[in-house]
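Peer 1: Those protein sequences? They're chains A and B, same order as listed. Per the working numbering, the very first residue in the first sequence carries number 1; after that it's consecutive. Per the working numbering, the very first residue in the second sequence carries number 1001; after that it's consecutive.
None of these hints come from the bench; they were simulated from the model. Each hint should be verified, as a subset may be incorrect.
Derived DSS-like pairs (lysine-lysine); straight-line CA-CA distance at most 30 Å [said to hold, decoys possible]:
hint	chain 1	residue 1	chain 2	residue 2
1	A	Lys26	B	Lys1029
2	A	Lys374	A	Lys26
3	A	Lys140	A	Lys231
4	A	Lys27	B	Lys1046
5	B	Lys1029	A	Lys27
6	A	Lys488	A	Lys436
7	B	Lys1046	A	Lys26
8	B	Lys1029	B	Lys1046
What follows is a list of derived Cβ distance ranges for each label pair [stated by the list, open to error]:
hint	chain 1	residue 1	chain 2	residue 2	range
9	B	Ser1039	A	Trp463	47 to 55 Å
10	B	Ile1014	A	Pro331	27 to 35 Å
11	A	Arg155	B	Gln1044	47 to 55 Å
Glycine residues also receive a C-beta, built at the ideal position from the N, C-alpha and C atoms.
The chain contents come next:
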Amino acid sequence: MHFAAIDWFIVVAYLILSVAAGLLGKKYIGNVSHYLVAGRELGTFAGIATLAATEIGTITFMYNGELGYKYGFAAFAAALISGLVMIVVGRTGLVIERFRALRLMTVPEYFERKYSRGLRLLAGILVAIGGILNMGVFLKIEGEFLTIVSGIDSRYLVAVMTVILLLELVYTVVGGMMAVVITDFIQYVLLSVATILVSIYAVHYTGWENIVAKVSSTMGSAGFDPIENPKFGITFLIWQVLLWFSIHTCWQTTAMRVFSTRTPEISKRVMTWTGFIYLGRGMLPMLWGAAALTLFGVGALDNGVPLPVVDGRTLAPIDAMPAMLASILGPGIKGIVVAGMLAATMSVNSSYLLGWSAVISQDIILPMREQMGKPALSSRSQIFVNRLANLFVGLFLMFWGLYYTPPGAVYLYLNITGTIYLAGTFICVIGGLYWKRANATGGYLAMLMGAAGAIIPFFFLHWSENVTGFCAFGLAALGLVLGSLVGKRAPTSLAGAT
Amino acid sequence: MHYWLIFWTVSLVIAGVSFAVITGIVMVKGYSDLRQMFSRLAEQGKHDHE
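The whole structure should be built from the sequences, with the hints applied where relevant.
Peer 2: Given below as structure tokens:
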């Protein structure tokens, strides 16, 4: 066991505090907008905390650590793009300002306002499938992190992750966005402290010069130059810019924070400042990965990079970073770091549970009911449907997430599963907001061609992630333009509130 | 390679410092933000019941 008694105490105390705080959120739930978008009362600083906590999970540290291990400093380009694009979105208000002004609760809801109910349903289905598949790998990878750092026997991995998921489910189902906002604040503080601590330890223990020397001797200039690195190159960088514009504007869990802010102006401020956090969210764990390469990268070469060897055992590159933490952190500090990582895990999972279940209930179940001629549900009944959807997503993840292993680098798997719906959604949203000619025919084509452009090249033709990404966004844009020019122009009012 | 190293070093310092500074500010101001939010919601709740 790597954990001392003080570490266990810190972790258990955190879990109790987090669940108790989350349950407090229930008393503020009066209607469905409280449950899904915190009554649209979020201020700037709580907004930054909840947005950052939502998008920084143990999974984020793991895949960024893996990128740092495999590609060295060149991987920093992905982090830089994600942060800079977010700052641009925040400063310009691209999409988010109009989204907030429309008082939406989910991204597919926009499709009914602009296009048609049918397109909302299609978007809802694609968003839910892409989002849940994307989240599907979280639990297993987070569990790997916890077992490696804490020293818990891997036979108990399923039990540990099931308990964590159940704890998240309890407060998310009961308190919705209110519970998520409260717990996100606590979790953001903890995960940030852990991030800063680990960064200091990693550089202090490994030595900056040693990290630079190891990356240089292993990868040469490709470890620093993202254009020269064969995994990246100019196509990767352009695809990342497109992808991050779509994530920061149309990713359901991010968009829900925009919808939850008090005013469009606050949503822009939240996005701008969180952009700076995004720089560290990517680069710091990438640095930990490069430090892990320096300490443990002595095994057989795998695509030109030595596999990590720890205590005579060869690990996968993604496991090198947690193995490094297990060996360099002392008692007490390790407890704080694991509590911080648990916080990161829980904040992401609870927000994602709420995000995807909101889409299932608001954009699939409710429109289908209305389509079948059934009367609209009361706010209380909508909350009940949301809670059921939340449970469904949680149970699905418990089984899928613990048994499925993603192929290749996790970061790229997440990018591709996200692209299945992001390509069409982003193009439809941009077209809908900024091009008067965009219509439902174009919307259908964009969603279907965007999804096909991600699924067929990647899963069946085995094209690279970069080309697949371009293909998906390109086809979605082509679909919107062609469909809108051929189809009938339907006047649609975007006025009105939910 | 040398210029890339300088570029990434500067970027990393900016990222690390801004991460730490924003965390500090959010820790202090986020708490009062949350309190104000819940008092507004409680106020709304009272009006709804009246």
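Peer 1: What's the verdict on Lys1046 of chain B and Lys26 of chain A, does the C-alpha distance respect the 30 Å limit or exceed it?
Peer 2: 16 Å, holds
Peer 1: Is the straight-line distance between the alpha-carbon of Lys374 of chain A and that of Lys26 of chain A 30 Å or less?
Peer 2: 29 Å, holds
Peer 1: Would the hint linking Lys140 of chain A and Lys231 of chain A be met if the CA-CA limit is 30 Å?
Peer 2: OK: Lys140 of chain A and Lys231 of chain A at ~25 Å, within 30 Å.
Peer 1: With a cut-off of 30 Å on the C-alpha distance, tell me whether Lys1029 of chain B and Lys1046 of chain B pass.
Peer 2: The hint holds at about 26 Å.
Peer 1: For Lys27 of chain A and Lys1046 of chain B, compute the direct alpha-carbon distance and say whether it is at most 30 Å.
Peer 2: With Cα atoms ~12 Å apart, Lys27 of chain A and Lys1046 of chain B stay inside 30 Å; holds.
Peer 1: Quick check on a hinted range of 27 to 35 Å for Ile1014 of chain B and Pro331 of chain A, using CB atoms only.
Peer 2: 33 Å, holds
Peer 1: Given the hinted pair Lys1029 of chain B and Lys27 of chain A, is their Cα-Cα distance within 30 Å?
Peer 2: With a Cα-Cα distance of about 23 Å, the restraint between Lys1029 of chain B and Lys27 of chain A holds, given a limit of 30 Å.
Peer 1: Does Lys436 of chain A lie within 30 Å of Lys488 of chain A when you go C-alpha to C-alpha?
Peer 2: Roughly 12 Å separates the two Cα atoms, so the pair holds.
Peer 1: Determine whether the Cβ-Cβ distance between Arg155 of chain A and Gln1044 of chain B falls within the hinted range of 47 to 55 Å.
Peer 2: 50 Å Cβ-Cβ, so the 47 to 55 Å window holds.
Peer 1: Take the C-beta atom of Ser1039 of chain B and the C-beta atom of Trp463 of chain A, compute their distance, and say whether it sits inside 47 to 55 Å.
Peer 2: 54 Å, holds
Peer 1: Does Lys26 of chain A pair with Lys1029 of chain B here, judged by a C-alpha cut-off of 30 Å?
Peer 2: Answer holds: Lys26 of chain A to Lys1029 of chain B is near 23 Å, not above 30 Å.
Comparing the model with each earlier hint shows no violations; every hint is respected.
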